[in-house]
Amino acid sequence: MAKQVPLEEGYLVIPEAEGERPRLLGSYSPEAKKYFFPRRMQCPLTETPVEDVELSSEGVLYSWTWVLMPFMGAAKMGDGKAHGVGQIDLPEGVRVQAVISGQMGDWEIGMPMGMVALPIKKKGDTEMCSFGFEPIRKGE
Amino acid sequence: MLEDVYVAGVGMHPFGKHGKSNKEMAYVAGKAALKDAGIKFRDVGALYNGYIMGDMTEGVAIAKDLGLTGVPVVHVENASATGSTAFREACLRVASGQADIAMALGFDDIVRMGQMMMQMYMAQGPRIESMVLPAAFFAMWAVRRTHEYGTSPEIYARIAAKNWNHARYNPMAQRQSDHEVTIEEVLASKPVAHPHTTMMACATGGGAACAIVTNKKWAKKLAAGRPLVRVLSSQLQSEQYVDGHIFMGAVVGPSELTRTTSQACYEEAGLGPKDVSLVHVHDAFPIEELMYYELMGFCGEGEGEKLVLEGATQIGGRIPFSTDGGLIARGHPGGPTGLAQVWDATQQLRGESGKRQVEGAHTAAVHMMGAGSVCVMHMLHRENA
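Those protein sequence lines, which keep their order, are chains A and B.
Using this note's numbering, you'd call the opening residue of the first sequence number 1 and step up by one each time.
Using this note's numbering, you'd call the opening residue of the second sequence number 1001 and step up by one each time.
Derived from the structure by calculation, the hints contain no laboratory data.
These numbers were taken from a predicted model, which means no experiment stands behind them.
There may be inaccurate statements among the hints.
[To be verified] Examples of chain A residues lying across from chain B (beta carbon under 7 Å, computed):
id: 1; residue: L7
id: 2; residue: E8
id: 3; residue: V13
id: 4; residue: L25
id: 5; residue: Y28
id: 6; residue: Y35
id: 7; residue: P38
id: 8; residue: S63
id: 9; residue: W64
id: 10; residue: V67
id: 11; residue: V85
id: 12; residue: Q87
id: 13; residue: R95
id: 14; residue: Q97
id: 15; residue: T126
Note that beta-carbon positions come from the ideal geometry of N, C-alpha and C, so glycine has one too.
Next up, chain A with everything else stripped away, as it sits in the complex (with noise of 0.2 Å):
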């Protein structure tokens, strides 16, 4: 398997380990008691510093689209045609939008998701990721 590492800096972990999934970089406000998805500068609510973490990799699917394009920004999606696009409630309480695996009629709103590395390009062996989501499914 090709080594995955992450597109840019600062928004994901993607573990060397397999089975493992990768986990968002976040930054969460003990003033709050919030956390927020990208890191934040500062508390956007109270003004006072955050603290950078790791925010959990699995989550519930509030909403998502199956879209009739292939890109999302400069980058192709899915098989060149369509991909669908989710959104995903981390226990957290932070909500991240991103393509979803699967296909139309694959998805239900309140199914668990898991997330994963989604390759973007390559660069020699090494794949540079963003970040997806797939559903889980009962037993997985």
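Let chain A serve as the given structure and place chain B on it in line with the hints.
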């Protein structure tokens, strides 16, 4: 506001995929507004140009075509709410007493803008903080709405068809159907992002729109027997934190932003939703219009579908929305969009809208969202000269 502010003149260049330059479109809209107001460019005390993507200082260059008068020129940008923000700045300039007359001039071509942005994205390379497509972002609002209230795609199609049919009577609209658009046609058009289809998505092209505002003394001088159109309130808000706040990749912030901005706008105007005759909103997709019925207080939570089924939001209904076709059919070039809303609202309040006239229109609520995000809202009101 300090001084009372009035709309003295409005003008537009038709929206569409005609490939005209910003310079040409802005000139046509600016001259039309000057003619409507009955003034010369030399009478304008401040110019706010609204465009999202153009050449550096393009607004100043365009002012040169209108006249070398030494007028202060400022470039305003707030994504889709650019024109609305330029209008607000012009109103505030007059309200402050710094100018008797100010002009807000918006122009853009969103097709050209898309090409420029794609080149920029490709030059930068892929980034983690990519914005999802607006069609996808608002589609997720629609999917969630269906989950919570059982909203069917037919409701979204009804809203889109209504706006297409309103645009049939607007000569400035991009989408000019030669027949009554049906719900079935909208549903059968090509899918974009579930449940959205191409006929539900806002029309993208180029265009320009202009509004000239003034104080009461000048408004009365320029009225020429027409009713006055007063700007009762002007509000602009950016995001406030809500649970589930999306910081990355969102097109606009929480929908609550519309609720808080409209509440502030009603309060400043001393009016409520029951006092409003017609409404313009950021209907880039029908789910937005549906949610704004509720967020702006025109019906209760979860009652938007009922308004649609009753036909309350079409011309002739209790509270007509998007009377010029809205973003869906009049079009959404970017910079001029909010000013096109002011163009229609002003004509409606003067009773000059012909076949799309809202009978007895006296107060118009004009709302826009801008990516980033901001919400801008104005309340316009008819007064006898």
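Against the structure, the hints:
1. L7: holds (6 Å)
2. E8: holds (5 Å)
3. V13: violated (13 Å)
4. L25: Violated - the Cβ of A:L25 stays beyond 7 Å from chain B, reaching only about 11 Å at its closest.
5. Y28: This interface hint is violated because 14 Å lies over the 7 Å limit.
6. Y35: Violated, about 11 Å.
7. P38: holds (5 Å)
8. S63: holds (4 Å)
9. W64: holds (6 Å)
10. V67: holds (5 Å)
11. V85: Holds. Min distance 5 Å.
12. Q87: holds (6 Å)
13. R95: holds (4 Å)
14. Q97: Interface hint status for A:Q97: holds (4 Å vs cutoff 7 Å).
15. T126: violated (15 Å)
When each numbered hint is compared with the structure, violations occur for hints 3, 4, 5, 6, 15.
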